[in-house]
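Novice: Chain by chain, the residues run as shown.
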Amino acid sequence: MNTLILAILIPFFTALVLALLNGYFRLEKAVALTSSLALTVWSVWLLVYVDTHGVQVTILGGWMAPWGVAFVADRLTCIMLCLSSGLGTLVQMYSCWTVTAPQQRYFFYPLMQAMVLGVNWAFVTGDIFNLFVAYEVMLMASYGMMMVGASPAQLRQALKYIAINSVGSTLFVVGCGVLYATVGTLNMADLAVRTAVLTGQRAGMVTAASMLLLLVFALKAATFPLIYWLPDSYPVVPAGVNGYFAGILTKVGVYSLLRVFVLCFRQEGHEFGLQVLLFLSGLTMLLGVLGAMCRWDIRRILSWHIISQVGYMVMGIGLAGSPDPRIVHLAVAGTIFYIVHHIVVKSCLFLVGGIAERLNGSQHLKQMGGIVDLAPGVGGLFLVAALSLAGMPPFSGFLAKVVLAQAALTGGNYVVLVVAVITSFLTLFSMSKIWSYAFWREAARGVPLQTYRGMMAPSAVLVAITVTMGLFPQPFLDLAGRAADTLTAPKEYIGVVLGAKQQRLAEIQQPTSVLRSLAAKEP
Amino acid sequence: MEFPLALAIAALFAAGTSLILRPNLLRVVMGFGLYSNATNLLLIAVGGYTIGSEAPFVGTQPSAQRLMDPLPPDIILTAIVISFAVGALLLTLCYCVYKDHATDNPQALPVDDDYTAAGALRSVGAAADDGDGTEERRAFAELLRGVRAERRPRTATIPRANGR
Chain G
13 MNTLILAILI PFFTALVLAL LNGYFRLEKA VALTSSLALT VWSVWLLVYV
63 DTHGVQVTIL GGWMAPWGVA FVADRLTCIM LCLSSGLGTL VQMYSCWTVT
113 APQQRYFFYP LMQAMVLGVN WAFVTGDIFN LFVAYEVMLM ASYGMMMVGA
163 SPAQLRQALK YIAINSVGST LFVVGCGVLY ATVGTLNMAD LAVRTAVLTG
213 QRAGMVTAAS MLLLLVFALK AATFPLIYWL PDSYPVVPAG VNGYFAGILT
263 KVGVYSLLRV FVLCFRQEGH EFGLQVLLFL SGLTMLLGVL GAMCRWDIRR
313 ILSWHIISQV GYMVMGIGLA GSPDPRIVHL AVAGTIFYIV HHIVVKSCLF
363 LVGGIAERLN GSQHLKQMGG IVDLAPGVGG LFLVAALSLA GMPPFSGFLA
413 KVVLAQAALT GGNYVVLVVA VITSFLTLFS MSKIWSYAFW REAARGVPLQ
463 TYRGMMAPSA VLVAITVTMG LFPQPFLDLA GRAADTLTAP KEYIGVVLGA
513 KQQRLAEIQQ PTSVLRSLAA KEP
Chain Z
2 MEFPLALAIA ALFAAGTSLI LRPNLLRVVM GFGLYSNATN LLLIAVGGYT
52 IGSEAPFVGT QPSAQRLMDP LPPDIILTAI VISFAVGALL LTLCYCVYKD
102 HATDNPQALP VDDDYTAAGA LRSVGAAADD GDGTEERRAF AELLRGVRAE
152 RRPRTATIPR ANGR
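From first to last, the protein sequence lines stand for chains G and Z.
Quick note: the first sequence uses the numbering used here, first residue 13, plus one each step.
Quick note: the second sequence uses the numbering used here, first residue 2, plus one each step.
This is chain G alone, in the form it adopts within the complex (with noise of 0.2 Å):
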């Protein structure tokens, strides 16, 4: 099958054709949200499909598999494209009344394209330096998207973001190299394959190799000590796309993580990577939400939240390092079920704060008050996404937790669970806190600042989903459990991307590339 290509090239050609079209607003708009939509859809397409045929794989470039990039959909790949391409669509849509005529002229939606795209390329590819040029991508979509209306708060938040970030890049390029001078593939089948056998220095240098790459998706995914550029960098994006920022661009991280350290590195003492982020994952939970707790405006609590949530995702990663593998299948499907949740929850509150934002003309929570009069109907989105993400039932949050939870307990990681439970509470005090100032107290003011009815559509979507999952749970766990059989047991992953070496090898008669046809001419 050779369309899973176009999880990045429809996002790829509808961002051209957007900056082309730049100037015209509604065509704009009306272009954009059609690809998103399409996109959407396919995605859900390739979901299915995936689910019931299996692995799929692309390879590019006419070279076989662990030399030529492979593009690899497995079930987890899948889940991540449809929540990415949703949500873009969703944000995009939020965004047609959010939007100002300066931020769109600076190329906002195909700076909003150019972010799906590198974010879908992420999710889509199986090889690691390919990941790498994925991240630059989408960290160059979201520098533009930081800085889109180009206000000095932006210029100056932008700054930081990229500064951390290129740091980061550096160090991927650098464990990148370190790990092909070591193993010899960047691809991630291949690399399953020839970590598995190795032992002594060579597996130390491959854990050597491994902590960079975690120092960089830790960094992306906001772990415990890398958070701090988040809180800052976060609120100047403007509203609806932070619903996007915070629900995907940190979790391309968490998914990288649970991709290449649950997937790739087997060699001996790879769990060490797995204990080390067990134990960050704690001091991430707390420390965000102690954060949180601390601060006024709904951004920044929001975003400090994103922290703490990361911290239960990245737990369960790190719970994968049981040598239980019915715990690490419990684990890795618990993380995969907690991603989407989160996904839908945090970006939910973001779109909903931004609501309430323009119901008040200000973010700060002591100069709102009073939006359950003004708009009782935003108060209702906002109060389930909040007890969703607290992980109260009948919510999905609530869900996400138990399994997690039930994971840490059967591997006695009694420690951890303590710190998931207080940071619960913690959640909770820190939602009630927005709650009562922003939507309880008296009102602000008698009349909505700005019309907000439209935008809140795709809000309610993402509470539908979060109800859904959390009421009818059983399809989404079965799913995400079989999403965590291709990557625990990834026999039928390393033997489509590899097998497609044979396939690829029958199909070639001629020698088409350079070193083939070098081969041919030696005698």
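Hints listed in this document are in silico derivations from the structure and should not be mistaken for laboratory results.
It should be emphasised that the depicted structure is a prediction, and the values quoted were computed from it without experimental measurement.
Just so it is clear, CB atoms sit at the ideal spot from N, CA and C, and this is done for glycine as well.
One-sided excerpt, in silico: chain G residues whose CB lies under 7 Å from chain Z:
1. Leu167
2. Arg168
3. Ser178
4. Val185
5. Gly189
6. Ala193
Go by the hints and put chain Z onto chain G.
Specialist: Chain Z in isolation, oriented as in the chain G frame:
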């Protein structure tokens, strides 16, 4: 060839780190330039470069023993392009920040507390709440349409070199 390469890589990384930690935007950008060069040297070392090793695909008689691994140069090319693009963006950004605040010291930049369009409303000096908020709504709508621009804190004088 490994030892001198390792020395060069270490020196470049050390110099880059020291530059990045300086409170001066231009030095920070230069530091990233050194980082990217250090990384590229590391990748050359990874490719097994020794004196006298041959580039692949060049010449008529490639001997397998002295052939350099073609993949790391490929990675280096990509990394160069990317670091060039990020460097250009970073330089432009530094210039914009310098123009806004007339300082190239990141520690002297103001601390942000309120970012939104609504916060910008206060910075364009819109009228205070006049009871029913009509004036405020109008100003906000203008801001959204881009009629009003957010006020830039442009400082009066940017110091010039050589007293020009």
